[in-house]
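A.B. asks: In order, the protein sequences belong to chains G and L.
So in the numbering used here, spot 69 of the first sequence is number 69, and the numbers just go up one at a time.
So in the numbering used here, spot 137 of the second sequence is number 137, and the numbers just go up one at a time.
None of these hints come from the bench; they were simulated from the model.
Mixed in with the good hints there might be a few duds.
As the list claims (entries may be wrong) - In silico BS3-like pairs for lysine-lysine, Cα to Cα no more than 25 Å straight-line: (1) Lys218/L / Lys105/L; (2) Lys135/L / Lys445/G; (3) Lys325/L / Lys218/L; (4) Lys224/L / Lys135/L; (5) Lys135/L / Lys330/G; (6) Lys324/G / Lys135/L; (7) Lys196/L / Lys109/L; (8) Lys135/L / Lys446/G; (9) Lys269/L / Lys291/L; (10) Lys84/L / Lys446/G; (11) Lys287/L / Lys440/L; (12) Lys445/G / Lys84/L; (13) Lys196/L / Lys13/L; (14) Lys135/L / Lys302/G; (15) Lys423/L / Lys308/L.
Stated by the list, open to error - Covered stretches of chain G, going by a simulated chain L footprint (3 or more residues, C-beta under 8 Å): (16) 244-251; (17) 309-316.
Ideal Cβ placement from N, Cα and C applies to all residues, glycine included.
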Amino acid sequence: MAGIGFELYKILYKGTLSSIVQAFFLGMIIVAGPWILSVLTIYIIQTYTFGAIADNPALFTVSIVYVYAFSLFLSGGFHYVFSRYIADQLYIENYATIPSALLTAIILITIISIPLALAFVFFNDFSSVPYHTLYILSLVSLFVVINILWIMLVYIALLKAYYKIFFSYLAGTIASLYGVLYLGKLYGVAGALCGYTIGQAVIVLLLITISQIAYPFKKFTINKEFIASFKEHKRIFLMGCFFNMAIWSDKMLYWFLHGQHIPGTLYYYYIPYDIPVFLAYLTMIPGLVYFLIIAETDFHKKFFEFISHILEDPFRYIQLKKHKMLLSLKNGIKGIVFFQSIWTIGILIKLPVILDFLGYSHTINIHILRILLIAVFFHMLSLNLMIYLLYMELQFEAAMAACLYLVFNIAATLFSIYYFQLLPGTSYMLASVATSLYCSYHLYKKAPIIDFIIFNRT
Amino acid sequence: MDFVAINKPDPSKKTICIIAEGSYPYITGGVSAWIQDIISGLTSYNFIIFAISAEEDEPKYSFPPNVIGLVNRLLTAPVAKPQKSIHPSFFRTIESFHNDMMQKKDFSKFSDIFRFINMHRYDPSTLQRHITSFKIVTQYNAIRNPLYPFSDYYWAWRSSHEYMMKIMTWDLPPADLYHTISTGYAGLCAAIAKIKYNKPVILTEHGLYNKEREIDIKRATWVKGYQRDMWINIFNDLSAITYEYSDCIISLFEVNRNIQIAQGAKREKTLVIPNGIEIERFWDLKKETRKEFSIGIVARVVPIKDVKNFIIMAKIVAESIPDVKFYIIGPTDEDESYYEDCVKLVENFQIQDKVIFTGKADVRQYYKFLDVVVLSSIREAQPLVILEAYAAGIPVVSTRVGNVPEMLDYNDILLADPKDSEKLAQGVIYLYNNPDYREKLIAANRNKVIQFYNKKDLIATYDNLYAKYIGMYTS
Numbered sequence: 001m002a003g004i005g006f007e008l009y010k011i012l013y014k015g016t017l018s019s020i021v022q023a024f025f026l027g028m029i030i031v032a033g034p035w036i037l038s039v040l041t042i043y044i045i046q047t048y049t050f051g052a053i054a055d056n057p058a059l060f061t062v063s064i065v066y067v068y069a070f071s072l073f074l075s076g077g078f079h080y081v082f083s084r085y086i087a088d089q090l091y092i093e094n095y096a097t098i099p100s101a102l103l104t105a106i107i108l109i110t111i112i113s114i115p116l117a118l119a120f121v122f123f124n125d126f127s128s129v130p131y132h133t134l135y136i137l138s139l140v141s142l143f144v145v146i147n148i149l150w151i152m153l154v155y156i157a158l159l160k161a162y163y164k165i166f167f168s169y170l171a172g173t174i175a176s177l178y179g180v181l182y183l184g185k186l187y188g189v190a191g192a193l194c195g196y197t198i199g200q201a202v203i204v205l206l207l208i209t210i211s212q213i214a215y216p217f218k219k220f221t222i223n224k225e226f227i228a229s230f231k232e233h234k235r236i237f238l239m240g241c242f243f244n245m246a247i248w249s250d251k252m253l254y255w256f257l258h259g260q261h262i263p264g265t266l267y268y269y270y271i272p273y274d275i276p277v278f279l280a281y282l283t284m285i286p287g288l289v290y291f292l293i294i295a296e297t298d299f300h301k302k303f304f305e306f307i308s309h310i311l312e313d314p315f316r317y318i319q320l321k322k323h324k325m326l327l328s329l330k331n332g333i334k335g336i337v338f339f340q341s342i343w344t345i346g347i348l349i350k351l352p353v354i355l356d357f358l359g360y361s362h363t364i365n366i367h368i369l370r371i372l373l374i375a376v377f378f379h380m381l382s383l384n385l386m387i388y389l390l391y392m393e394l395q396f397e398a399a400m401a402a403c404l405y406l407v408f409n410i411a412a413t414l415f416s417i418y419y420f421q422l423l424p425g426t427s428y429m430l431a432s433v434a435t436s437l438y439c440s441y442h443l444y445k446k447a448p449i450i451d452f453i454i455f456n457r458t
Numbered sequence: 001m002d003f004v005a006i007n008k009p010d011p012s013k014k015t016i017c018i019i020a021e022g023s024y025p026y027i028t029g030g031v032s033a034w035i036q037d038i039i040s041g042l043t044s045y046n047f048i049i050f051a052i053s054a055e056e057d058e059p060k061y062s063f064p065p066n067v068i069g070l071v072n073r074l075l076t077a078p079v080a081k082p083q084k085s086i087h088p089s090f091f092r093t094i095e096s097f098h099n100d101m102m103q104k105k106d107f108s109k110f111s112d113i114f115r116f117i118n119m120h121r122y123d124p125s126t127l128q129r130h131i132t133s134f135k136i137v138t139q140y141n142a143i144r145n146p147l148y149p150f151s152d153y154y155w156a157w158r159s160s161h162e163y164m165m166k167i168m169t170w171d172l173p174p175a176d177l178y179h180t181i182s183t184g185y186a187g188l189c190a191a192i193a194k195i196k197y198n199k200p201v202i203l204t205e206h207g208l209y210n211k212e213r214e215i216d217i218k219r220a221t222w223v224k225g226y227q228r229d230m231w232i233n234i235f236n237d238l239s240a241i242t243y244e245y246s247d248c249i250i251s252l253f254e255v256n257r258n259i260q261i262a263q264g265a266k267r268e269k270t271l272v273i274p275n276g277i278e279i280e281r282f283w284d285l286k287k288e289t290r291k292e293f294s295i296g297i298v299a300r301v302v303p304i305k306d307v308k309n310f311i312i313m314a315k316i317v318a319e320s321i322p323d324v325k326f327y328i329i330g331p332t333d334e335d336e337s338y339y340e341d342c343v344k345l346v347e348n349f350q351i352q353d354k355v356i357f358t359g360k361a362d363v364r365q366y367y368k369f370l371d372v373v374v375l376s377s378i379r380e381a382q383p384l385v386i387l388e389a390y391a392a393g394i395p396v397v398s399t400r401v402g403n404v405p406e407m408l409d410y411n412d413i414l415l416a417d418p419k420d421s422e423k424l425a426q427g428v429i430y431l432y433n434n435p436d437y438r439e440k441l442i443a444a445n446r447n448k449v450i451q452f453y454n455k456k457d458l459i460a461t462y463d464n465l466y467a468k469y470i471g472m473y474t475s
């Protein structure tokens, strides 16, 4: 995503307070726009149900959560390979292949997601849900739409049209809210889900339109090179798959092993953990924005200065570039840790007040949330470290880190459920800490010998 | 070791291992013919051929009965069952060897490196991908190549050292004496045989391997920046290592001997043994007289022989001598695109009716009627063709390469600088216009060949050398 980071960096370095606020706000839109808005939408709908989903509020929320969770759980690898392919094409300035790669990605993800959603429907009995045909149609459509939305999210990082993107989100969110209210009144949960889906589809369509203006499809072709790149980037693919599965595995285990059940369906949910998780996730945003605008952007610049000189320059010059890059890496990590820890610690201290303000002080176990805040800190850190590993072409190490994350999280969650009765979130925190350490170790060991690694690989 | 048994060994005879790189028995030419002559002449020894090649091929020579085996090692083949872990003290040895070599021109620690690599069967690829190797390379890069791209230095090191390390994992067949026909990789093999078996090593250099490689490298457009210097240094060092481990260093003529000494060969080890030919095969050829003036070049149609130079000369000569024929006698299939270029050149000059490409042929049939033999090479050592022509009673006009000036008595009429077709043509035309001079030359040349270049003498000299050094090491 460094491409967009450059633009924000420019805004940031105007140096005024308003430019800093502007840069961070725009960065937030790119990093977490749809995510914040969906959490916000669900929060609004849940808190002020307006009677629209009064007949079965849990079913409505859980349906949406499942769509988000499983779409992310299953498509992580796809996103990373897509992102890498686009980045490579930009690096070699081969812009012509970019729109066709987007088209191919959308078609592929649609083809993959429809049977998955249908299979899910097949194992459920939704007959007790009023207007269940509409419900099933909306559920399958939402799964496809959200999967496409993730792809668009990777893609729009290319576009500099922040405000257009923001207003697309806003328009879609309003459409979702209005849809939920209007159709919910008419058709209950099925109608509400349909209304929500329409709003999300509006976002997707608007984003496609915006991207169409920047990089128009000239010919309706499938990009075979993109499909072939999955073979080349199999480690990145695995890393993405493992990482997304890792961060969802503890939540899912809690659903299925500890959660409440909606009769007739495969839906399980575990309120004591789910709501703190969504709240805690939101605290990751400042760290991610910092990474996007400052850390990654600076590193990207230094990294490419290093890499583009390695074949043409004397050793001392390569070393100079390497040291600048390593310095940027060090400062980047330091910055993320510093910035995010201030934020996290601040929230930890003021947590009772914040919960009071949000009206959650009686429904949420504050200890779980505390653990989760620490977990999310390391989750964000390990994600950023993994991205650094990918830059350094240490794809194997990145894939191993994600694999460790997954295995550790599953094992620790099972242990804490069956043996130690630890608070939910502890396993996720331990896994995140372990993964951060693993990534740090490899960066510490291998980044200083990156020149050796590059020469050895060629 | 991929040893192919050829003939049954005679246990009463001592065994000589001939080490040949890129020549016998796969490539035809002067050096290969010389090896074949030595083997066939020295019937009192068993011979094993240790050939170093770039790719698999079929032998081009039929082996004499005293050849008992053939080993063909490919530089491109991977090391069998290599050991992956590397002893840390190996890198210290590497460093001290390079320091001695660079500062004192002392190659004595080579044997330590060889023992490490050979005993442990270190895989060159594993060795080169080791972090310590990289550190050592960057250290030397800082000394030798501080201002130019590191990648050139790195790649030159990777490609050049890979072959040397690979060779050090090889085992040579046991023998009583090792005779290498060049320095370079063959010389390296001889050195490792000496270290491993403590047997005598004889080196015969027809040309000067490192100088020839230097010319190749300077002409190759794909060798960039420091790569050129490193390759040249390495070939010089390989020559120095070969000299260090050889008991006897032979050159074909004095000039080369002096260069060998200048490159570090100990004077007392050096010796000049010129080429020799079977004079009788050419002496009694029944001469045919043809009405046209016949000029021949006896050479493979390859760039190093500069056949194009000969063709340009032919064009110039044809303008002065109306009734003339040119024969290009030698195989045309070694470098087909070069051959095609030559044919096109002949067509462009419109002298197709005067120039004949004979292909591989029995040269004696042509020596019967040739009036002049021309040599247009860019590089030669001591060309057998000149000796054959002398024995057959044909005067020679040639480029000034290798030992040719001495063989032509520094006769300015008959010598031209490489690529100087005009001067070659003048020499030929002079001979055409001065038949008496031609006769004088023929007589003098025949005497010379009998005196200095008789194959019988050559064989006898090598017989004595083999016996002397084998004796020295057995006692």
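A.B. asks: Flag every earlier hint the structure violates by its number, smallest first.
C.D. replies: 3, 9 and 16
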